[in-house]
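Student: For this one, chain A is given, so just place chain B on it according to the hints.
There are 2 protein chains.
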Amino acid sequence: MRFASFFFDRASRAFGDRPTLAKLVFIISGASSGGLIAYADAKTDLGVSSYQRPSKKKIVVLGTGWGGTSFLRNLDSSLYDVQVVSPRNYFTFTPLLPSVTSGTVEARSIVEPIRNIIRKKGGEIKFWEAECFKIDPSNKRVHCRYTSAKHTGETDEFLVDYDYLVIAIGAKANTFNIPGVEDNCHFLKEIEDAQKIRRSIMDCFERATLPNLNEEERKKILHFVIVGGGPTGVEFAAELHDFVSEDLSKLYPSIYGLVKIAVIQGGEHILTAFDERISTFAEEKFQRDGIDLKIGFRVVKVSDEDITMMSKATGEFSVPYGMVVWSAGIGTRLVISDFMKQIGQGNRLVLATDEWLRVSGCDGVYAVGDCASIIQRKVMEDVAEIFKAADKDNSGSLTVKEIQDVLEDIYRGYPQIKLYLKSRHMSSILELLEDSKGNGKKEAIEVNIEEFKKALADVDSQVKALPATAQVAAQQGNYLAKCFNKMKDTEEQSEGPLLIRERGRHQFHPFRYKHFGQFAPLGGEQAAAELPGDWVSLGHSAQWLWYSVYASKQVSWRTRLLVVADWTKRFIFGRDSSCI
Amino acid sequence: MRFASFFFDRASRAFGDRPTLAKLVFIISGASSGGLIAYADAKTDLGVSSYQRPSKKKIVVLGTGWGGTSFLRNLDSSLYDVQVVSPRNYFTFTPLLPSVTSGTVEARSIVEPIRNIIRKKGGEIKFWEAECFKIDPSNKRVHCRYTSAKHTGETDEFLVDYDYLVIAIGAKANTFNIPGVEDNCHFLKEIEDAQKIRRSIMDCFERATLPNLNEEERKKILHFVIVGGGPTGVEFAAELHDFVSEDLSKLYPSIYGLVKIAVIQGGEHILTAFDERISTFAEEKFQRDGIDLKIGFRVVKVSDEDITMMSKATGEFSVPYGMVVWSAGIGTRLVISDFMKQIGQGNRLVLATDEWLRVSGCDGVYAVGDCASIIQRKVMEDVAEIFKAADKDNSGSLTVKEIQDVLEDIYRGYPQIKLYLKSRHMSSILELLEDSKGNGKKEAIEVNIEEFKKALADVDSQVKALPATAQVAAQQGNYLAKCFNKMKDTEEQSEGPLLIRERGRHQFHPFRYKHFGQFAPLGGEQAAAELPGDWVSLGHSAQWLWYSVYASKQVSWRTRLLVVADWTKRFIFGRDSSCI
Chain A
0 MRFASFFFDR ASRAFGDRPT LAKLVFIISG ASSGGLIAYA DAKTDLGVSS
50 YQRPSKKKIV VLGTGWGGTS FLRNLDSSLY DVQVVSPRNY FTFTPLLPSV
100 TSGTVEARSI VEPIRNIIRK KGGEIKFWEA ECFKIDPSNK RVHCRYTSAK
150 HTGETDEFLV DYDYLVIAIG AKANTFNIPG VEDNCHFLKE IEDAQKIRRS
200 IMDCFERATL PNLNEEERKK ILHFVIVGGG PTGVEFAAEL HDFVSEDLSK
250 LYPSIYGLVK IAVIQGGEHI LTAFDERIST FAEEKFQRDG IDLKIGFRVV
300 KVSDEDITMM SKATGEFSVP YGMVVWSAGI GTRLVISDFM KQIGQGNRLV
350 LATDEWLRVS GCDGVYAVGD CASIIQRKVM EDVAEIFKAA DKDNSGSLTV
400 KEIQDVLEDI YRGYPQIKLY LKSRHMSSIL ELLEDSKGNG KKEAIEVNIE
450 EFKKALADVD SQVKALPATA QVAAQQGNYL AKCFNKMKDT EEQSEGPLLI
500 RERGRHQFHP FRYKHFGQFA PLGGEQAAAE LPGDWVSLGH SAQWLWYSVY
550 ASKQVSWRTR LLVVADWTKR FIFGRDSSCI
Chain B
0 MRFASFFFDR ASRAFGDRPT LAKLVFIISG ASSGGLIAYA DAKTDLGVSS
50 YQRPSKKKIV VLGTGWGGTS FLRNLDSSLY DVQVVSPRNY FTFTPLLPSV
100 TSGTVEARSI VEPIRNIIRK KGGEIKFWEA ECFKIDPSNK RVHCRYTSAK
150 HTGETDEFLV DYDYLVIAIG AKANTFNIPG VEDNCHFLKE IEDAQKIRRS
200 IMDCFERATL PNLNEEERKK ILHFVIVGGG PTGVEFAAEL HDFVSEDLSK
250 LYPSIYGLVK IAVIQGGEHI LTAFDERIST FAEEKFQRDG IDLKIGFRVV
300 KVSDEDITMM SKATGEFSVP YGMVVWSAGI GTRLVISDFM KQIGQGNRLV
350 LATDEWLRVS GCDGVYAVGD CASIIQRKVM EDVAEIFKAA DKDNSGSLTV
400 KEIQDVLEDI YRGYPQIKLY LKSRHMSSIL ELLEDSKGNG KKEAIEVNIE
450 EFKKALADVD SQVKALPATA QVAAQQGNYL AKCFNKMKDT EEQSEGPLLI
500 RERGRHQFHP FRYKHFGQFA PLGGEQAAAE LPGDWVSLGH SAQWLWYSVY
550 ASKQVSWRTR LLVVADWTKR FIFGRDSSCI
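Going down the list, the protein sequences come from chains A and B.
Each residue of the first sequence is one higher than the last, beginning at 0 in numbering that gives the first Met the number 0.
Each residue of the second sequence is one higher than the last, beginning at 0 in numbering that gives the first Met the number 0.
Just so you know, the hints here were simulated from the structure itself, not pulled from any lab data.
Each residue gets a CB set at the ideal place from its N, CA and C atoms; glycine is no exception.
Please note that the accuracy of each hint is not assured.
[What the hints assert, rightly or not] Result set (DSSO-like, lysine-lysine): computed pairs, CA atoms no more than 27 Å apart in a straight line:
hint: 1; chain 1: B; residue 1: Lys259; chain 2: B; residue 2: Lys218
hint: 2; chain 1: A; residue 1: Lys311; chain 2: A; residue 2: Lys300
hint: 3; chain 1: B; residue 1: Lys55; chain 2: A; residue 2: Lys249
hint: 4; chain 1: A; residue 1: Lys481; chain 2: A; residue 2: Lys463
hint: 5; chain 1: A; residue 1: Lys133; chain 2: A; residue 2: Lys57
hint: 6; chain 1: A; residue 1: Lys195; chain 2: B; residue 2: Lys171
hint: 7; chain 1: A; residue 1: Lys249; chain 2: B; residue 2: Lys119
hint: 8; chain 1: B; residue 1: Lys195; chain 2: A; residue 2: Lys195
hint: 9; chain 1: A; residue 1: Lys56; chain 2: A; residue 2: Lys119
hint: 10; chain 1: B; residue 1: Lys293; chain 2: B; residue 2: Lys219
hint: 11; chain 1: B; residue 1: Lys417; chain 2: B; residue 2: Lys513
hint: 12; chain 1: A; residue 1: Lys133; chain 2: A; residue 2: Lys171
hint: 13; chain 1: A; residue 1: Lys249; chain 2: B; residue 2: Lys57
hint: 14; chain 1: B; residue 1: Lys513; chain 2: A; residue 2: Lys119
hint: 15; chain 1: A; residue 1: Lys171; chain 2: B; residue 2: Lys195
hint: 16; chain 1: A; residue 1: Lys57; chain 2: A; residue 2: Lys119
hint: 17; chain 1: A; residue 1: Lys133; chain 2: A; residue 2: Lys56
hint: 18; chain 1: B; residue 1: Lys249; chain 2: A; residue 2: Lys57
hint: 19; chain 1: B; residue 1: Lys377; chain 2: B; residue 2: Lys453
hint: 20; chain 1: B; residue 1: Lys249; chain 2: A; residue 2: Lys55
hint: 21; chain 1: B; residue 1: Lys219; chain 2: B; residue 2: Lys195
hint: 22; chain 1: A; residue 1: Lys119; chain 2: A; residue 2: Lys55
hint: 23; chain 1: B; residue 1: Lys195; chain 2: B; residue 2: Lys300
[Claimed, not checked] Covered by chain B, per the in silico footprint, the following chain A stretches (three or more residues, Cβ under 8 Å):
hint: 24; stretch: 104 to 114
hint: 25; stretch: 154 to 164
hint: 26; stretch: 263 to 273
The following block holds chain A by itself, in its conformation from the complex (with noise of 0.2 Å):
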């Protein structure tokens, strides 16, 4: 669910909360920006330097993904004494992954070496390649191990301690423990991922060509299953479907006609994230293109040779399948589960944050990315607070313009309220009070507590978790890196809304995500792009759109020119079918 989707975290940087202005340079900037982006290539050395200056605060990062590498870019390194722990010394662009499996863009056209980073802000940062395997709050340090590449199962243990961690290590595919999918199914998380769905499509092929087989085989091993409808599995099928049409058709003229591509979806609809024409119009493109859509099915078991599912008008029933690519969902790393037993948090799948993305429950521990989710404040649970927050004179009811000093502050610590307010087509939390007092005069309104309750009672409706997105993830990176950047300011004059049970106020303002909108391709240089604004666009429009986005959301002028290279060799010659 990571994928698929855009941000303009700069932009909006940019253009503070001007959404409008925002929306329309972006398209601009979608063809020609790039430079927002670009660093300057500061040639200062890396070094052991910053070990020697221990009066510095320790950073630890761990993960090189969108929140880890956002926060990375983002923060001011002369600060802090900053280590990253990753397995992967490089991020990767996520939302091109289904684009590596049929070779449209090759797998180092999307990924940029973290050191690469480093060198760019000034060296100081120290980046070490392994996992963190246990999080350890008590002693403020995490326990760290390379695996070698070299001999399995040799390994080099050590730890690091932090004054401040930040845990961006994203999350793993959820195979729900049905039988057989860790086995046998491919996943599409990771360059490795995209790089074995390439092998294995291609070795469908020779394989379905070898002389001794039947017809009856030679389906069973093309026939290709996507568990899954959502932005991912629709982008890969899309994918699988352009190469398999435009490519190997070509080259495997003999078999190409036995080439079936089945996604599995157990909701009503593909891409249920997405604006209902975007579905409707993805589902027609699909059948349109002959792939198989088994919509309202559950996949119960996957042998080595079969994939068993059901649906409640067929029942269970089994099919033979070549290659099956799951991508259902995300699941918990270990290490995360382990960590939040020892905080009290066992009992929820993700970390719990408050909205200033601190781990709940324990000191100087951030959270990002997949691996976290936001715990939005109740205004129901607050309301008490709220209204003698707002009573300075004490008076057991509120006056208009008690309601407006705090208004601010009200709306920037409970976003929900405005989200209602917008879902009423109201424009104040004045028009919600005198709405639900039944009375015609603004300026006279006066509430007490009962009246104010009753008015906000349906408030916290609004409340929703955000999406395991790419976008999400590198705007609370960013925001993350901003806080720390103006840590020392914010101590003198805080800059937060109101605290409402002390006196003072929050030092940061709360982490608030801004959508930019997503994005859908659905092969044959057709896409659907959901923007601000309720604005759809749909084809080809909306392909170019997204290749300009997408070349433009690059991490640095070499990947931007590599991707953009790897589109025009595609144009040119089609996609490599070696088997590599």
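Tutor: What follows is chain B alone, placed relative to chain A:
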């Protein structure tokens, strides 16, 4: 030993036997050609149709390396029912494999799918991605096995019948049964090997930076050992040195000083197959670069931590290492040694063929490239028959006229005579006879059988086995294809030299290798080139010659463009350091 050589079979075909002209044109073609190699993009479909034409003879080709691919590309596939069996569905441009280890060139840029080549030829060729594990010459069929990448151990076996079998499966790395080599060393024969080496280099650097190591341990991990001072070993050492000094030094400045690259060579010099000036130049260049040349050392054991070697001066000793690349020669594949046992060649290392590339001891089997070696007929074994064939009047002595009548046939049948004459600075066999007789008057020469034998006594010293290079394999594949193309015509009108022991002529000219020189890239934009006519080029100019020749020699416009793009990318952005 296959790499680092180039060939000009096309140029040689175009210019026949005029090597001087060919040489001149070759410099120009390096920069501008490629068109010579381009195909028409035939759109004809593959199909199973040729199965229904049993009248065509079946050719089965084993292998898609230089020999097999060159055969396929030059064969008129409409004349035969052609099937190709290879575990790799692509051709690899092996001279650039060392460049893949450091990322100067990407793996996909130097491979061309066999099915693309087949399609361009009209699509009448079948390809099976499988390994031939047994050749059965008595039943004229081969046993093949497809090994699934999905489930280890799962295989499909099938039989393929042939009328003609072309064995072009190359060789494997030779470990000389030295303990630990198979388990602990990298080899550099296939694309996968190069990719593994690349990951291993990056793993060594990432591991050596870990915080829990002392300097001794870091030095061990950063000790890169190359065994074998042939073209592959030397080129890999040069590529590694460039990668480290140009790219990794900037990303890993704290450990860069601990890197050591060592080349172990048993002989007295590196690059012994090259001109002495090149060996000296390479050794001096490596010494300036700080590469540790261990000349005259022999490896006796490789454990997972240490490599043990010995020399006369030092005796046996061990050094710890981080990575060993083994490039010490070629060995026989299992299927070939099995086959040799069946046909009475069990005591040989490679298949023996005659000068027409026919495997001695069985019918309809041909072998090209590293898995075979041509047994050149000895003049001294045939000398009585040669004399008899020339002595048309049965006078017991040869006159000038009689010798001149058969001269061309003798030269064609026994190329060692021409080489011997060249080494003695003589222009013709007549001079040799005259010289050995001590007679000044050429026209009056007349020799008896004893004088004839005496004069030719030393010519067989010029018989040398061909080197195991891409150049030889490609020329053999091309030669064999041409023979098959004119099989019909030559059955009626033989084109070969006189049969010495029987009446008539050989059906075809024997295969004659034309050496067009070889390259050794030495890193830092320096190379050495050995060209025909004892021409040696050293330094930058040779490197640019190397670039242009290797670009022009790519198998398709696609790979040509990709390789040039990779070089350009490296010039602009350097090499990628991601562990993928």
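Student: Each hint needs a verdict: does it hold in this structure or not?
Tutor: So, going through the hints one by one against the coordinates:
Only pairs whose Cα atoms come within 27 Å are accepted, and Lys259(B) paired with Lys218(B) is accepted, the gap being roughly 8 Å. A C-alpha spacing of about 16 Å is found between Lys311(A) and Lys300(A), which places the hinted pair at or below 27 Å, so the restraint holds. About 25 Å separates the Cα atoms of Lys55(B) and Lys249(A), which keeps this hinted pair within 27 Å; it holds. Distance restraint check for Lys481(A) and Lys463(A): the Cα-Cα separation of roughly 24 Å lies within the 27 Å cut-off, and the hinted pair is therefore satisfied.
Restraint check for Lys133(A) and Lys57(A): satisfied, since their Cα atoms lie roughly 18 Å apart, inside the 27 Å limit. Taken as a hint, the Lys195(A) and Lys171(B) pair is honoured in the structure, with Cα atoms around 25 Å apart against an allowance of 27 Å. A distance of roughly 11 Å separates the Cα atoms of Lys249(A) and Lys119(B); the hinted pair therefore holds under the 27 Å criterion. With a C-alpha separation of about 15 Å, the suggested pairing of Lys195(B) with Lys195(A) holds against the 27 Å cut-off.
Distance check on the hinted pair: Lys56(A) and Lys119(A) sit about 22 Å apart at the alpha-carbon level, within 27 Å; holds. The straight-line distance between the Cα atoms of Lys293(B) and Lys219(B) is roughly 17 Å, inside the 27 Å bound, and the hint therefore holds. The straight-line distance between the Cα atoms of Lys417(B) and Lys513(B) is roughly 14 Å, inside the 27 Å bound, and the hint therefore holds. Distance restraint check for Lys133(A) and Lys171(A): the Cα-Cα separation of roughly 17 Å lies within the 27 Å cut-off, and the hinted pair is therefore satisfied.
The hinted pair formed by Lys249(A) and Lys57(B) meets the criterion: a straight-line CA distance of about 24 Å does not exceed 27 Å. For the hint pairing Lys513(B) with Lys119(A), the CA-to-CA distance comes to about 52 Å; that exceeds 27 Å, so the pair is violated. Annotation: proposed proximity of Lys171(A) to Lys195(B) holds, straight-line Cα distance about 25 Å (limit 27 Å). In summary, the hint linking Lys57(A) to Lys119(A) is supported, as the alpha carbons are separated by about 20 Å, within the 27 Å threshold.
Of the supplied pair hints, the one linking Lys133(A) and Lys56(A) holds, its CA atoms being roughly 21 Å apart against a limit of 27 Å. For a cut-off of 27 Å, the pair hint linking Lys249(B) to Lys57(A) stands: about 24 Å separates their Cα positions. Restraint check for Lys377(B) and Lys453(B): satisfied, since their Cα atoms lie roughly 14 Å apart, inside the 27 Å limit. Only pairs whose Cα atoms come within 27 Å are accepted, and Lys249(B) paired with Lys55(A) is accepted, the gap being roughly 25 Å.
Of the supplied pair hints, the one linking Lys219(B) and Lys195(B) holds, its CA atoms being roughly 20 Å apart against a limit of 27 Å. A threshold of 27 Å between alpha carbons decides the hint, and for Lys119(A) with Lys55(A) the separation of about 21 Å falls inside it, so the pair holds. Distance check on the hinted pair: Lys195(B) and Lys300(B) sit about 22 Å apart at the alpha-carbon level, within 27 Å; holds. Beta-carbon proximity to chain B at under 8 Å applies to 7 residues in the stretch 104 to 114 of chain A; the threshold of 3 is reached and the given coverage holds.
Against chain B, the stretch 154 to 164 of chain A contributes 4 residues with a C-beta closer than 8 Å to a partner C-beta. That satisfies the three-residue criterion, and the hint holds. Here the stretch 263 to 273 of chain A counts 0 residues with a CB under 8 Å from a CB of chain B, which misses the bar of 3, and the coverage is violated.
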